[in-house]
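Asker: Based on the provided sequences and hints, a complete structural model is requested.
Chains A and B supply the protein sequences, listed in that same order. As numbered in full-length UniProt numbering, residues 1 to 198 make up the first sequence, in order. As numbered in full-length UniProt numbering, residues 1 to 198 make up the second sequence, in order.
These aren't lab readings, by the way, just hints derived from the structure by calculation. Any given hint might turn out to be false.
Note: identical chains are not told apart, hence a pair may lie in one copy or across any two.
What the hints assert, rightly or not - Straight line, CA to CA, 25 Å or less: simulated SDA-like cross-link-like pairs of lysine to any residue:
no. : residue 1 : residue 2
1   : Lys23     : Asp36
2   : Lys23     : Gly109
3   : Lys161    : Glu58
4   : Lys126    : His31
5   : Lys23     : Asp38
6   : Lys23     : Ala41
7   : Lys23     : Thr71
8   : Lys126    : Thr71
9   : Lys23     : Glu12
10  : Lys126    : Gly19
11  : Lys126    : Glu12
12  : Lys126    : Arg77
13  : Lys126    : Arg37
14  : Lys23     : Leu176
15  : Lys101    : Pro175
16  : Lys126    : Arg172
17  : Lys161    : Arg37
18  : Lys23     : Val11
19  : Lys23     : His56
20  : Lys101    : Thr67
2 protein chains.
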Amino acid sequence: MKKQASLEVLVEALRRLPGVGPKSAQRMAYHLLQHDRDGLAALGHACSNADAQIHHCELCNNFTESTVCETCVNSDRDGELLCIVETPADLLMIEQTMTFKGLYFVLMGRLSPLDGVGPQDIHLSKLVQRATNGVVREVILATNFTNEGEATAHYLGETLKAQGLAVTRLARGVPLGGELEYVDPGTIARAMLDRRST
Amino acid sequence: MKKQASLEVLVEALRRLPGVGPKSAQRMAYHLLQHDRDGLAALGHACSNADAQIHHCELCNNFTESTVCETCVNSDRDGELLCIVETPADLLMIEQTMTFKGLYFVLMGRLSPLDGVGPQDIHLSKLVQRATNGVVREVILATNFTNEGEATAHYLGETLKAQGLAVTRLARGVPLGGELEYVDPGTIARAMLDRRST
Ligand SMILES: [Zn+2]
Ligand SMILES: [Zn+2]
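Answerer: The following block contains the structure:
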């Protein structure tokens with residue numbers, strides 16, 4: 001049996017990247033080989049190193065190279081507030097707003113029964129353990145406002161309320177700069193129901 | 001100075017892939033870390049291995065792991081015919097047609113003066129040396145029928161004719177299944193000029 005050529009192996013490995021088909025995997029391989037050898041070597045080292053070094057934070061489930069991540073060990077943060085997000089990217093978005101000084105739990109996904117994604121896949125028991133540490137007072141559900149994100153928020157909210165925790169959800173409403181004429185009616189209806197005194 | 005995190009290094013390495021921006025590099029990194037650790041390790045090995053093993057064939061300039069590639073050492077092929085292509089992908093396309101039993105030279109690019117791509121970047125001296133080995137009789141220009149491909153074919157044709165070689169170009173014309181109504185006028189004009197007796 002012939003040993004598979006390094007080039008084929010490279011193209012197949014690139015095809016495993018999300019959104020990369022056979023044609024673009026081949027194009028990427030040729031580009032790296034012909035025009036960016038440094039990039040090829042760098043990608044090799046980066047992948048091997050990330051695989052060896054990166055795992056989940058014991059507390060918040062985000063990616064980290066330590067046992068507990070930098071955010072979780074930061075004593076300036078408010079341990080009474082726990083914000084639940086779907087992904088590390090969502091966490092970064094919230095950090096950028098500089099409006100939240102509590103801690104996080106990253107689900108690394110969302111409930112999606114049709115895709116076979118159940119509570120264990122979003123690390124429910126780890127979350128419950130984290131939220132019931134005796135310090136957390138309020139859990140803020142910051143999953144996406146999609147069908148799956150809403151269903152996930154509902155499920156987690158019920159579960160955590162049963163543990164005696166205060167549970168809140170990010171507010172819905174008209175986005176900043178939103179013109180009513182162009183906002184969908186569901187959003188306006190929700191903004192009407194949730195109207196606040198000024 | 002703080003050591004850069006493995007995750008950032010991975011995202012930056014993925015960004016060097018053609019067509020991959022910051023958002024999709026981050027998405028790829030998270031996908032590999034969360035859902036495809038085997039793929040992450042495989043990509044690491046594949047890149048490092050390809051960088052170490054793959055270089056250019058001494059004769060045809062295609063990628064190979066040997067000094068001379070499998071095509072060039074195949075004694076069943078006709079050494080009198082040398083087909084010049086822009087990329088390894090073009091070579092594969094021609095091989096798939098099973099209509100050519102000669103040998104190849106892969107330019108690994110095309111002339112593009114505006115982008116600073118000159119004759120040395122398409123390995124002109126290696127090509128001339130290859131084409132004037134005393135065995136090659138006819139050189140077939142199979143660069144793309146784009147402006148840059150045509151200019152490259154013209155330049156190489158003049159250079160190789162000056163060496164006393166027969167130079168041909170792939171025929172242009174109406175593509176198989178082409179309906180005249182939908183073929184561009186330039187193609188029809190060329191097909192008319194190049195009409196053949198049946
Ligand atoms: Zn953490
Ligand atoms: Zn070769």
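Asker: Run every hint past the structure and note whether it holds.
Answerer: Outcome of the hint check:
1. Within a single copy, lysine 23 and aspartate 36 get their C-alpha atoms as close as 18 Å, and across copies as close as 21 Å, so both meet the 25 Å cut-off.
2. In the homo-oligomer, the alpha carbons of lysine 23 and glycine 109 lie at most 25 Å apart only across protomers (17 Å), although the nearest pairing inside one protomer, at 29 Å, exceeds that limit.
3. When the C-alpha separation of lysine 161 and glutamate 58 is checked against a cutoff of 25 Å, the pair qualifies only within one copy, where the shortest distance is 23 Å, while the shortest distance between copies is 70 Å.
4. Taking the shortest Cα distances, lysine 126 and histidine 31 sit within 25 Å of each other only across copies (21 Å), while inside one copy they are farther apart (43 Å).
5. Taking the shortest alpha-carbon separations for lysine 23 and aspartate 38, both the intra-copy value of 22 Å and the inter-copy value of 22 Å come in at or below 25 Å.
6. In this assembly of identical chains, lysine 23 and alanine 41 lie within 25 Å of each other by CA distance both inside one copy and across copies; the values are 22 Å within and 22 Å between.
7. Within a single copy, lysine 23 and threonine 71 get their C-alpha atoms only as close as 40 Å, which misses the 25 Å cut-off; across copies the closest is 22 Å, which meets it.
8. Proximity of lysine 126 to threonine 71 under the C-alpha cut-off of 25 Å is restricted to the intra-copy arrangement: shortest distance 17 Å within a copy versus 57 Å between copies.
9. In this assembly of identical chains, lysine 23 and glutamate 12 lie within 25 Å of each other by CA distance both inside one copy and across copies; the values are 11 Å within and 22 Å between.
10. When the C-alpha separation of lysine 126 and glycine 19 is checked against a cutoff of 25 Å, the pair qualifies neither within a copy, at 31 Å, nor between copies, at 37 Å.
11. For the identical chains of this complex, lysine 126 and glutamate 12 are neighbours neither inside a copy (35 Å) nor across copies (31 Å), given an alpha-carbon limit of 25 Å.
12. In this homomeric assembly, lysine 126 and arginine 77 come within 25 Å of each other (Cα to Cα) only inside a single copy, at 20 Å, whereas the closest approach across copies is 64 Å.
13. Taking the shortest alpha-carbon separations for lysine 126 and arginine 37, only the inter-copy value of 21 Å comes in at or below 25 Å, while the best intra-copy value is 42 Å.
14. When the C-alpha separation of lysine 23 and leucine 176 is checked against a cutoff of 25 Å, the pair qualifies only between copies, where the shortest distance is 23 Å, while the shortest distance within a copy is 41 Å.
15. Taking CA atoms no more than 25 Å apart as the test, lysine 101 paired with proline 175 passes inside one copy only; the shortest distance there is 23 Å, against 64 Å between copies.
16. Taking the closest pair of Cα atoms, lysine 126 and arginine 172 never come within 25 Å of each other, the shortest separation being 28 Å inside a single copy and 65 Å across copies.
17. Taking the shortest Cα distances, lysine 161 and arginine 37 never come within 25 Å of each other, neither inside one copy (54 Å) nor across copies (35 Å).
18. In this homomeric assembly, lysine 23 and valine 11 come within 25 Å of each other (Cα to Cα) both inside a single copy, at 9 Å, and across copies, at 22 Å.
19. Taking identical chains as interchangeable, the C-alpha atoms of lysine 23 and histidine 56 lie at most 25 Å apart only when they sit on different chains, with a minimum of 21 Å there against 34 Å within one chain.
20. For a Cα distance limit of 25 Å, the shortest separation of lysine 101 from threonine 67 inside one copy, 21 Å, qualifies, whereas the shortest one across copies, 60 Å, does not.
Hints 10, 11, 16 and 17, counting from the list given before, are not met by this structure.
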